[in-house]
Each structure stands twice: as C-alpha cells, then as structure tokens.
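Engineer: Start from the sequences and build out the full structure, keeping to the hints where you can.
Protein chains in written order, with this note's numbering: chain E, 1 to 451; chain S, 452 to 902.
By construction, these hints were calculated from the structure, which means they are not laboratory data. Be careful, since some hints might not be right.
[As the list claims (entries may be wrong)] For the chain E half of the interface with chain S, some residues (derived, Cβ under 7 Å), not all of them:
| no. | residue |
| --- | --- |
| 1 | V101 |
| 2 | N401 |
| 3 | R405 |
| 4 | G409 |
| 5 | F410 |
| 6 | V442 |
| 7 | N446 |
| 8 | V449 |
| 9 | R450 |
[Stated by the list, open to error] Here are the simulated EDC-like pairs of lysine to aspartate or glutamate, each with C-alpha atoms no more than 16 Å apart in a straight line:
| no. | chain 1 | residue 1 | chain 2 | residue 2 |
| --- | --- | --- | --- | --- |
| 10 | S | K587 | E | D408 |
| 11 | E | K136 | S | E862 |
| 12 | E | K145 | S | D859 |
[As the list claims (entries may be wrong)] Residues on chain S that point at chain E, a partial pick, calculated with CB under 8 Å:
| no. | residue |
| --- | --- |
| 13 | V512 |
| 14 | L592 |
| 15 | R856 |
| 16 | E862 |
| 17 | K891 |
Don't be surprised by glycine CBs; every beta carbon is placed ideally from N, CA and C.
2 protein chains.
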Amino acid sequence: MGRETVHAADTPAPFVVTYIYDFSSQRGVSIRMEEVREQLVRQAQAARQAAMTLANVSTAVKNGALLAMAEGLLADGAYILQANAEDIQQARERGLPEAMVERLTLNEKRLAAMAEGIRQVAALPDPVGEVVEGWKRPNGLEILKVRVPLGVVAIIYESRPNVTADAAALCLKSGNAVILRGGSEAFRSNQAITASLVRAVESAGLPAACVQMVQTTDREAATQLMRLNGLVDCIVPRGGAGLIQTVMQTATVPVIETGVGNCHTYVHEDADLQMASEVAFNAKVQRPSVCNAMETLLVHSAVAGEFLPAFAERLRAAGVEIRGCERTRQLVPWAVPATEDDWYTEYLALILAVKVVDSLDEAIAHINHYGSRHSEAIITRSLDAARRFTREVDAACVYVNASTRFTDGFEFGFGAEVGISTQKLHARGPMGLRELTTTKYVVYGNGQVRT
Amino acid sequence: MGRETVHAADTPAPFVVTYIYDFSSQRGVSIRMEEVREQLVRQAQAARQAAMTLANVSTAVKNGALLAMAEGLLADGAYILQANAEDIQQARERGLPEAMVERLTLNEKRLAAMAEGIRQVAALPDPVGEVVEGWKRPNGLEILKVRVPLGVVAIIYESRPNVTADAAALCLKSGNAVILRGGSEAFRSNQAITASLVRAVESAGLPAACVQMVQTTDREAATQLMRLNGLVDCIVPRGGAGLIQTVMQTATVPVIETGVGNCHTYVHEDADLQMASEVAFNAKVQRPSVCNAMETLLVHSAVAGEFLPAFAERLRAAGVEIRGCERTRQLVPWAVPATEDDWYTEYLALILAVKVVDSLDEAIAHINHYGSRHSEAIITRSLDAARRFTREVDAACVYVNASTRFTDGFEFGFGAEVGISTQKLHARGPMGLRELTTTKYVVYGNGQVRT
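Structural biologist: As structure tokens, this is what we get:
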C-alpha cells in the first residue's frame, strides 16, 4: 500500500491532519475516515475507563476538581487569551461576520465569568447516588432505583468557547466523562481551555480522560463521534437549529435534542388586560433572541378591540414589527399582513405574529398545529380555561399568567442549565444536572430464584 | 411523466403495493418511496389528532375501550384464526423454519391469553396525570411536573402476532396513539387483529386512529416510519438483535432500545455455595432463551475447587454445555475450551461460559468489559463486596444474592412489560406503562415577568 502524507491547509495549528491515500485502492477518504475513527475510539475507550472511576468518587473529590478547574482557568488566562487572539485573527482573515467574532472573543471578564460558573456548579448538590424510589416485592426482593451517571457524554457545540468550560463542569459534577467537539473557528481557544481543565482534573487526582476534546475540526470526526454506539452513551448538541438537525439526522448514539421555540401567548376573553400587556411584552421584548421568547400572540376576539391597539403601540415604541391576521390589521392598520409561514416562524428578533381567535379551542388548535412544543402561555381568570389549556396544549412548559421567558434551568431552580429539551424521551423542558444522569436498579435478595 | 403500475407479487392481499416508475427521470424507487411516505404521513397525522383526544380522556373511557378490545378479540376469533391460517399456509409454502411457524401460530388458547393480557392492562393504574414533583419559586411561580403520554408511538416488531394486541393495549392505557409495524409473515393475522381492535376502540367512543397498522410489508415503509420526526414521538423495536440494530442505525425519531443480555453471575469467595448453586442454576436453566438468563459464570479461585465440579455436574445433568477457561477445565475436564468470543456471546441456549477469577476486582472488570449492561449478579455474604459490586458494575440491574432472571416488568411489580431497556436515556431496565409516558411542566403564576 502506498501512502502519501498531506497537511490539510485549513486545519489550525498545532494539530495536523494526516491525509492518507491508498494508491492500490484509490480509497483515500475511507482510509482517512478509518484513522479518524480509530483515534476517536481510543479517546472514547479512555473516556469509558475514566467514567468508571468518576462514577464512584466522592462529591468532595469532584468539587475539589471543579474548584481547581476554576482556579486553573484564571491562572492560565494569558495562555488562553493568546490562543483566543489567534482564533480571532484567523476569523477576521476569513471574513467571519463581526457578530460571530464577538461570540468567539474572550477577555479577562469573560474568563472570570467562566471560572465563576464552574464554582457555582461545584456548589450544587451532587445528583449521583440519589435513591429515586425503592420497594419490596412479595418474594422478599428489595429493589432500589439509584441515580448514576450516564457514562460518556459527547457535547457538540458552536462558536462560544465558554461552552467548553461550562459543559466540562456540568459533566464532571454529574459523574460523566465528556468528549467535547467545538466549532472550528474556536479550535485554538478550546484547546487551550481544555488543556487547562485537564491539568486541574489531574491535580485533583482524577484521570485526565475525564475531559477530552476531539483533536481535529474535520467534519468526519463529528460524524464518527455520533456513531460510537457502545462507547458514547449520549450526545448533547448545543447550538443553532442547523447543528441540532444535523446531529438528529446523523447520530445513532441517543441524542438529547435541544430545540427551537415557536412560543405563543394567548390572551383569553376574561384576561386581566393589564397583566396580559405586561406578560406578553416581557415574553417578546425582554430578550427576543432566545428560544423561550414569544413569537406569536393570540388574542380572543371579545377583547381584541380593547387590548390590541394599545398593546401594539407599546410594541411599536419598543421597535417591534407586527405581522397580523386580517382582523388584527383592522385594529392595527400599520401591521404587516401575516402569511401562513409566519405562524410557523421562530423569529428570534423583534417581530411578532398576531392572530385574533374566537375561542379557547381555536387558540389551542393553533398552538398544537403551529407550535414547536417548547413554551406556551395563557392569560386568564378562568379556572376552567387554565385547566383546559394546560391539559390540552402539547408543550414542554405550559404557563398560566406568566411569561414564557421562565423556561430556563436557573429560573426553574436547577442551579445550572444543560439545555432545554423539546423532545419527549428522557428529559423535557429545562435540563439541569439530574438530566445528565440515568438510573440503575440495585436488587438485594437472599437466594431468590424464579419459578 | 410516464407512469406504470406493477402489482408487487410478494405482498399479501388485500393490500396492493403500487410501483410507480418515472420514465423521464428513471427514478422509480424514489417516487414509490415518496408515495409510501405520503401514506405514512397521513397515518401519522391522523395518529397525532387521535393522540390529542386520547391524552385527555378519563381512565374509565380507556379501560372501557380495553375491555371492549378483549371481548372483540374473542368475538372475532374465527375471522382472526382464518387470517392466521392463511399466514401459516404461506409461511409453509415459503419454507419458513418450523420454530417460526410455531411463533406465528394462533389458536383459541392463545387468543384467550391475548384477551386476558388486555384485561390485565385495563386493571393497572393509569400513569397519566401523576404529579411527579412540584415546588414553588421565590417569585411565586408554582411549578408542577405532570406525567403525560408520549403522543404517537411506533412499535416495530417481528413474527408473534400477539404483540399486536399487547402493544396496542399498553399504548392505549398510557394515552398514546400507536402505529404498528409487524413482520411480513404475520401480515394477515396482524391486519385481522388490528381490524378487531379498531372496532372496539371506536365502539368505546375513541378515534379509530388510536390504533393503526402500516398497510404494507415493504421495508421502505419501516424506514420511512423511523424518520417521521415531528409526527412520531418515539419508536420501540421489539424483537431480535438484528431488528433492534437496524432500528438504532436507521431511525432519526428517538428510539427506546431493548437490547441483548450477556448476563453474569459472580460467586465470591465468601458465598453461601448452596445458595450460589441454586441461584446460578436458575439463572442458566429455568428459561435459557431469554435476555435475562445467565451466559457467563465467574467463580472466585478460593472456592472454585469446592464449587465448580459439583455445580458442573448439576448443569451437565440438565443438558448444559460448559465452555471454560483453563482453570475451569482443570476442575471440569469435560468442559470445552472457551475462546475470547465466548466471553462476548449471548448464547440464549443451554451453554454456559465459566471463568475462574482471583478477586472481586477481576470479576467487576470482566463484567464491565464483556457484559452488555443488562443484568449482573453477585453471590456473597460480604456487605463490602455487595456494595462495591452494585456500585461499580455498569448495568441496568445489579443483583445481590438473587437470580438475574428477575429482570422483568412483572417480577418488578409493574404489572406489564413494554420491554427491557439497555440504553441509558429515558428508561433503563424493565419498562412498564410509566416508561411510555413523558412529563410536562405546568406553571401557575399571577403575572410574573422575567427581569
């Protein structure tokens, strides 16, 4: 077999991808894939070993490692910022949009925030070891359902380098070994942060392989990582809709989907309209770029005339564009006509779709048809309407008289947030440390056999 | 576009697959795929509608439907057995192995057992509506985590037609609409059973689309079904390792994996050897063809000389073949030499791999390396050994002084069994009705907004 080594030009130093070409079979790519896969398998095997240790160490040891990680990041600040400066320079050379460069940028303040985030994770209760439930069978078997780590978690994420420290801390606290795969534009920053974290982990007496990073920005590596069934227990994608869809379509390892939010607020005919204005305004305007922001407002026709014109003025003053149904436009003449597409759209911007409906039924049907099952709210005084809305709307979080913006691990009191799940298996809604665990049945007997 | 209609010869009547060939693009298969997909999408949309109704009906209505299903199966017995006779005839004509024909065969007794199984599901507690937990936030928000149905569940299974009734009953009780996709050899039987179930469901006032069956045995239909993200909430494969692997590799919809069991029993140096003999014999011999049967026995070297020769004789008398390590073969000369492959193998037969180990550590390391994380047991008198084994062995169920055969929904007291999960997300170990549900956060406020 003839082999030729090519240095891939678009791979950032110091890592060099070796491209191997098999002249006899002319199967260059598949051989390279095989080598990428072999390296990942070695990493994942090391992660499995580390995970077995990590699953059984005390909370004190894990917290010690976390505090060392926080200190280490600050001590290694100059080194990390130097690596980040190189990423930024390359991003500028490649003409990346300034918003992306901004997300990529680290500074002393952001490093301090990363360290503080890790310290907060250290301060949280350890989810591992909790006895979730337990019972005794008639034959005397005692069954305990005990919370244990997932094992090896892969996190696939985009440009913000702070996710590297955040994800590593959450996984370590929940007893999981982590394999990190960040965006190519932050490769040097992520390497420097990971190197710092690994030193801290080792200094606390834990295996270095508790925290690892995929050592290439090659897309094929991410694909292979998503298919390491038996070695990787779970994948958590963190990023935009495109990244999440790619992971969902590619992975054979189970995925925790963190999804889009096409969230609604419905103002019922008996709503406190002052409250409706406050809650809906908050849901749209307080931070429009996030998944739990409101995208469509539904208003009952009995109160539309009283509510909509004034509320629309309030939105206009805040710079919000309104895309309305025909009846909305009769009340708010400056509103843009809404198309069918608008009801499906997660704007993540100061744009709001508005529709007048004639009943609670119509509101629920609209939400269940167009919504993304993330967060939905009703404003009402009616117990019956509240009960029907919360029962019949199919979403991770359903609110009565409160802003959809509360769908968040911190706001729910979890102390940390892994993401917000819009899938129905394993976790739904805000995910904290507990959602990075699984359970194990521990069964005690005294010689029971099955007959 | 030219179109030609071909009746696929191997598709059982009365359903006719229409094969469409696009002469201009010569893309016959993809157009057929598209039609198959369209039909599935229509079914899944109808299932979604039905699921919304089913999620909110009372337990009494669901139980009424279940009892009607049980009665209906008995009333429609002649019709179902006629369809089954046609399946059996075709299976014989195609030369299917007698064991498969046996699994396929229905009779009065098996029909009665199916009906009785449905009645038992009716008698179980309804998992839907349970408040799993709830708390109040400092800002006054009241958060409830409420158990709700998954929505639309697809069950992909193999030859036994009784799974059709069983899966439909479990899904209906847990408030889920179900799309069933059984094996091609049982197509007529499954159609007849489904038709009977649907009549019962409708007679109880529920939508017919609560229970549906994929109307073709085409493999492409199964593939498409596994990729209906947004319409199907979850797939449960029920069958052999091949089926489960195919679903894991193909599906983009979240899957609950029910996996293989390479289960171990470890006899520690301080074990009650009489208990060890009873428990290990039960784990191997009581029903060797199932996933929770023992496949490898590990014996501490300090007791191997006393335990193994007599236990091996007991196994031999029961027709068990032993594949032993070298030290085992010194004690049991008739044992076949074990190869590396044996430690990985789920025999599902009267074969047992036996290895002598020198420590608890070696036993744990062997299990974590070769095991499939299903069910593992230790026989010991030592509290410390029991605690270390249950902590450090990575498996869905870990037993102290009891047979691995207890890993079962009924034995755990769940009253029903959906399968045994060997994955770590969502459910791990025996799955009952509760594992066919998810949760929803219901949040009550009085105008809270986020600041």
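Engineer: Against this structure, judge whether each hint is valid.
Structural biologist: Okay, the hints, checked on the actual structure:
1. For V101/E, the shortest C-beta to C-beta distance to chain S is roughly 29 Å, which exceeds 7 Å, and the interface hint is violated.
2. The criterion of a C-beta within 7 Å of any C-beta in chain S is met by N401/E, whose closest approach is roughly 5 Å, and the hint holds.
3. For the restraint placing R405/E at the interface with chain S, the shortest Cβ-Cβ distance is roughly 4 Å, inside the 7 Å limit, so the hint holds.
4. Of the supplied interface hints, the one on G409/E is violated, with its beta-carbon coming no nearer than about 12 Å to a beta-carbon of chain S, more than 7 Å.
5. Among the interface hints, the one on F410/E is violated; its C-beta lies about 11 Å from the nearest C-beta in chain S, farther than the 7 Å criterion.
6. For V442/E, the shortest C-beta to C-beta distance to chain S is roughly 5 Å, which falls under 7 Å, so the interface hint holds.
7. For N446/E, the shortest C-beta to C-beta distance to chain S is roughly 6 Å, which falls under 7 Å, so the interface hint holds.
8. Using the Cβ-Cβ criterion of 7 Å, the hint placing V449/E at the interface with chain S is satisfied: the shortest such distance is roughly 4 Å.
9. Given the 7 Å rule on beta carbons, the hint for R450/E holds: about 4 Å separates it from the nearest Cβ of chain S.
10. Proposed proximity of K587/S and D408/E is supported: the alpha carbons are some 15 Å apart, at most 16 Å.
11. With a C-alpha separation of about 11 Å, the suggested pairing of K136/E with E862/S holds against the 16 Å cut-off.
12. This hinted pair checks out: K145/E and D859/S have alpha carbons roughly 14 Å apart, not beyond 16 Å.
13. A hinted interface residue such as V512/S counts as satisfied when its beta carbon comes closer than 8 Å to some beta carbon of chain E; here the least separation is about 15 Å, so the hint is violated.
14. At a threshold of 8 Å, the smallest CB-CB gap from L592/S to chain E is about 6 Å, leaving the interface hint in force.
15. At its closest, the beta carbon of R856/S sits 4 Å from a beta carbon of chain E; the interface hint therefore holds under the 8 Å criterion.
16. For E862/S, the interface hint holds, since its Cβ comes within 8 Å of a Cβ in chain E; the closest pair sits about 7 Å apart.
17. Interface hint at K891/S: satisfied, since its Cβ lies 6 Å from the closest Cβ of chain E, which is below the 8 Å cut-off.
Violated hints, in rising order: 1, 4, 5 and 13; the structure is consistent with all others.
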